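Participant: Below are the chains, spelled out letter by letter.
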Amino acid sequence: MAVPTHAAAPGQATAAPALGLITLFRAVFIRDLRVGLRRWTDASNAALFFILVVTLFPLALSPKAEMLRMLAPGVIWIAALLATLLSLHLLFRADLEDGTLEQLLTVPYPLGWMLLAKTLAHWVITGVPVVVMAPVLAITYHLPASAVGVLTFSLLLGTPTLILLGSIGAALTAGLRGAGVLLAFIVAPLMLPVLMLGARATDLALAGENVTGPLYLLAALLVLAISLAPVVAAGAIRISAD
Amino acid sequence: MLAGAGLTLWRGTTFLFEELSFVVPQGTALLIEGPNGSGKTSLLRVIAGLTMPESGTVTWRGADFREQTRAGQLRMTFSSHALALKAELSTRANLDFFARLSGMADKVGEILELTGLGSCADLDVRQLSAGQKRRAALARILLSRAELWLLDEPQTNLDAAGRQAVEAAIRGHLGQGGTVVVAAHQALDLGSASLARLKLGEA
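In the order they appear, the protein sequences are chains A and B. Just so we're aligned: 85 in our numbering is position 85 of the first sequence, and the numbers increase by one with no gaps anywhere. Just so we're aligned: 61 in our numbering is position 61 of the second sequence, and the numbers increase by one with no gaps anywhere.
Derived by calculation from the structure, the hints in this document are not laboratory data. Keep in mind it's a predicted model, so treat the numbers as computed, not measured. Each residue gets a CB set at the ideal place from its N, CA and C atoms; glycine is no exception. Treat the hints with care, as some may be off.
Cβ-to-Cβ under 10 Å is the rule here; a few derived chain A residues that face chain B [what the hints assert, rightly or not]:
1. Leu19
2. Arg34
3. Ala94
4. Glu97
5. Leu101
6. Gln103
7. Leu105
8. Arg238
Excised from the complex, chain A in its bound form:
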């Protein structure tokens, strides 16, 4: 093996960070996406659990069309929330154990921004399948097309919010063994407004009423979660990595 000679050039060492924020975001996002897709069994758990819960309800309850239609918004939203909780502990666990977080903590880039990229990748892997499956399952609940559209759109706005809120709990409990249930108890109360607004929007669509109110609120919660959750999660990660 030859002697590496260009390892560090002290003159360069104090230069500005090599990546802009957008390229940094893309680098972290793509890396996590690739790792997540390679671990597809982990990723598909959330979607399979979602399908399972939603399909069990008509079997246990009455299969009457009007009954199912009434249940659909609540059941699908609860299943989406539980599926989110189920995969949340995976968000930072592997990165903490394999040392990736140590490295991210020691590079001169904003940690919250990198966590936002990780959280978005997690949503693409675990949340998007739920959003995609929802209209298919909603049709089996005899939901009319207009309500299916609102349900899917509310999930599209709501599931990233759920995962962003969950990232705070995941960051706090990343260093703990068997913290799955504890994590659910920490973040579930934060998630309740999203659940209520999402199910309410679908309910209103079912009754043929105006749905803009709850959808605007869901969108507002998403913006709030994008801007605040990663900062809080970054603080929590610093504690977990200690």
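Please build the complex by placing chain B on the supplied structure of chain A, with the hints as guidance.
Facilitator: Chain B only, in chain A's frame:
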């Protein structure tokens, strides 16, 4: 110049180290020695700013260490037992990510050859041996463009050629005015480079 002053760290009910101070001038290495459990890794984590000490400060050129790393005024790299390699990605993809963070993306191929990983660059990391993973960690250090290296037993699992490569890399880094803090069991052969020793775990 890296300096620690009055560093104290508890683990449970005992002091790992108490009122520990050291100075590492630029272009020199500090070797942290001590038996297992004497706090070598903890001291490196304190220096890196990952663990908050009970008391004491770490400074770089007289100013607060943490602030400078976060502001990007000091580039450091920390190599711990956790190698930060994703088993699902190829060696090249793993290193590519860190090289992009430090702006050395064009050097990845060259460094892979230098560290003897050229033939397994496109294998998933899960297929590498423990020693090859260590070499990948060395490659990440070389790609970090960092002024300060914090190395925790960098020669673990390495064969003779690998150990010499680590020593050569450290010598090269010191020769360019870099600074190294290394925790190790084995003696390091750093040639003429200036090496200070810090013994932990001597009550």
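Participant: All hints, please: hold or fail.
Facilitator: Hint check results:
1. Leu19: Cβ of Leu19 (chain A) sits 6 Å from chain B, so the hint holds.
2. Arg34: Since the shortest Cβ distance to chain B is 6 Å, the answer is holds.
3. Ala94: 8 Å, holds
4. Glu97: 7 Å, holds
5. Leu101: 8 Å, holds
6. Gln103: Check passed: Cβ of Gln103 (chain A) comes within 5 Å of chain B, closer than 10 Å.
7. Leu105: 6 Å, holds
8. Arg238: This hint holds: Arg238 (chain A) lies near chain B, its Cβ roughly 8 Å from the closest one there, short of 10 Å.
Checked against the numbered hints given earlier, this structure breaks none of them.
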